[in-house]
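*Asks:* With chain E fixed as given, assemble chain V onto it according to the hints.
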Amino acid sequence: MTTLIEGIDICLTRQERTILSNVSLKIDSGDFITLIGPNGAGKSMLLKTLLGLIKPDSGRVIRKDGLRIGFVPESLNIDPTLPLSVQRFLTLNANKDELDDEIIAETNITDLLDRQMTNLSGGERQRVLLARALHANPEILILDEPAQNLDMSGQLNLYALMEKIFELRKIAILMVSHDLHLVMSSTQKVVCLYEHICCSGEPQAVAKDPEFISLFGQDMARLLSVYPHAHDHSHDHDHEHDHNHNVAKENEHHHG
Amino acid sequence: MDNFLIAILAGAALASLAAPLGCFVIWRRMAYFGDGLSHSALLGVAFSMAFNIASEIAILIVGIGFAAFLVFLQSRRILATDTLLGLLAHATLAIGILAMSLLGADHIDMHDYLLGSVASITPDNAIYIIITSLICLMGLIKLWPGLLLMVTSEDLAQAEGVNVRYHEAALMIAMALLVAASIQLVGILLITSLLIIPASCARLVSKSPESMALTAGLMGMSCVVIGMLVSRETSLDPGPVIVAIMVCLFIGLLSLRLISGKPKV
Chain E
0 MTTLIEGIDI
10 CLTRQERTIL
20 SNVSLKIDSG
30 DFITLIGPNG
40 AGKSMLLKTL
50 LGLIKPDSGR
60 VIRKDGLRIG
70 FVPESLNIDP
80 TLPLSVQRFL
90 TLNANKDELD
100 DEIIAETNIT
110 DLLDRQMTNL
120 SGGERQRVLL
130 ARALHANPEI
140 LILDEPAQNL
150 DMSGQLNLYA
160 LMEKIFELRK
170 IAILMVSHDL
180 HLVMSSTQKV
190 VCLYEHICCS
200 GEPQAVAKDP
210 EFISLFGQDM
220 ARLLSVYPHA
230 HDHSHDHDHE
240 HDHNHNVAKE
250 NEHHHG
Chain V
0 MDNFLIAILA
10 GAALASLAAP
20 LGCFVIWRRM
30 AYFGDGLSHS
40 ALLGVAFSMA
50 FNIASEIAIL
60 IVGIGFAAFL
70 VFLQSRRILA
80 TDTLLGLLAH
90 ATLAIGILAM
100 SLLGADHIDM
110 HDYLLGSVAS
120 ITPDNAIYII
130 ITSLICLMGL
140 IKLWPGLLLM
150 VTSEDLAQAE
160 GVNVRYHEAA
170 LMIAMALLVA
180 ASIQLVGILL
190 ITSLLIIPAS
200 CARLVSKSPE
210 SMALTAGLMG
220 MSCVVIGMLV
230 SRETSLDPGP
240 VIVAIMVCLF
250 IGLLSLRLIS
260 GKPKV
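Going down the list, the sequences are from chains E and V. Be aware that the first sequence starts at 0, since it is given in numbering that gives the first Met the number 0, and climbs by one per residue. Be aware that the second sequence starts at 0, since it is given in numbering that gives the first Met the number 0, and climbs by one per residue.
Only chain E is shown next, with the shape it has when bound in the complex (with noise of 0.2 Å):
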């Protein structure tokens, strides 16, 4: 297993307030890792410094060489005086013209190819997405909220999808998400983030975490516990804190 992107002690301040605090977090290949947390903990900022499109004040991103990384944006923001087609989105700025027919027939897009940028419902828009990140031949997908302004069956045909692309093409996933019951239900592993990183590890073991129960409350923390997730495992176990965690122990801890 290779680790593809590290964050190191990752701190970062914005108009004198914090938004993360010695965050580290590492993405190994074969890793699908949600980040959730409340509005406002740092969430999209995390995704953003991993991925170097914001420099941390201390800290460091370690991203293997050459690493491909297909992102997703939380949105597009294409006026409606911009006539693009699909076709010419999916190319624009590519190393290579050509569509891949796989990428378009597994995200179910080819009807939309001819179709308008700015025609597209919520659902379809995060399909294109999807595919022209997929066509960078990634290692691993980075998607910022994607299922955010999808209606329910939207999003359970969002996730059942990026569960496909896991599945099929062995690409590491880090999503943020505030879905919370469908994270609990199809995700592996979840890193609960409000500032700094208050617990991570199962679906299951961190919707018993005392952290977890205190920023979401106790009756989401119940409700969650009745999805049971389809890696379940019978371990239960105390869960130890420090302000400072570091992921690839918890994974130690929960898998060794």
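Don't read these hints as lab results, they were simulated from the structure. Backbone N, C-alpha and C define an ideal beta-carbon position, used for all residues, glycine too. Careful, some of the hints might be misleading.
[Claimed, not checked] One side only, chain E facing chain V, incomplete, derived with CB under 8 Å:
#1 S20
#2 I77
#3 S84
#4 L160
#5 P209
*Replies:* Showing chain V alone in chain E's frame:
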């Protein structure tokens, strides 16, 4: 070569740059930025008179200063961007007019700067305009894919290796150069039209970003050339004549579109 002929060539070159640049202006909703930038040009003219430097250079420096100051104020989040733009535009225009009056510029000078004057374009000016336009146009073509991706999402562009700051700065400098080059032709008050009206016309008939830029370029060039000819025959100010012709084209295309029953683009 005939002075007027070379002035027409300069006008056409200017329009060929303004149109694709104008596409980005409307895609990125920067119309007020273009307007503010052109208002600041009068301050540049005043500087060029006070310090005896070429007006093109003075206008460029003031324009870049205007953009940098705007970006600085935006980052402080004191006021909304449209308010800041209105404030800066009128401040530079007012100070520019005062400075020019104090420096002894008379009414005729001011009138030419505000509304354009083909007669004031010397062959040297014209050659400068043509060279500047062609260089900017080549730069724009080179940066085109990155700029286009940036229009869809800055995060996406940056994540895919586009240097967003560099592209943004290039766009602003191209606009400042365009403003400096087009004052004599259309005047400060109407420069934004040269950017946004051909692009708006082209939007009504285009299906891809490239065809929109190309169509806008051709439409802009035709309107400028026709406008300059009409201005010479009638001795009306060239700026208002060119803008009026562009507006007629826009109304015509829009009417055709409405009649053909496709109101939505």
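*Asks:* Against each hint, give a clear statement of whether it holds in the structure.
*Replies:* Do the hints match the structure? See the list:
Annotation: interface hint on S20/E violated; nearest CB of chain V at approximately 23 Å, more than 8 Å. About 5 Å separates the beta-carbon of I77/E from the nearest beta-carbon of chain V, less than 8 Å, and the hint is met. Because the closest C-beta pair between S84/E and chain V is about 7 Å apart, less than 8 Å, the hint holds. A distance limit of 8 Å between C-beta atoms decides the matter here; for L160/E the minimum to chain V is near 19 Å, and the interface restraint is violated.
With a cut of 8 Å, the hint placing P209/E at the interface with chain V is violated, because the nearest CB-to-CB distance is about 35 Å.
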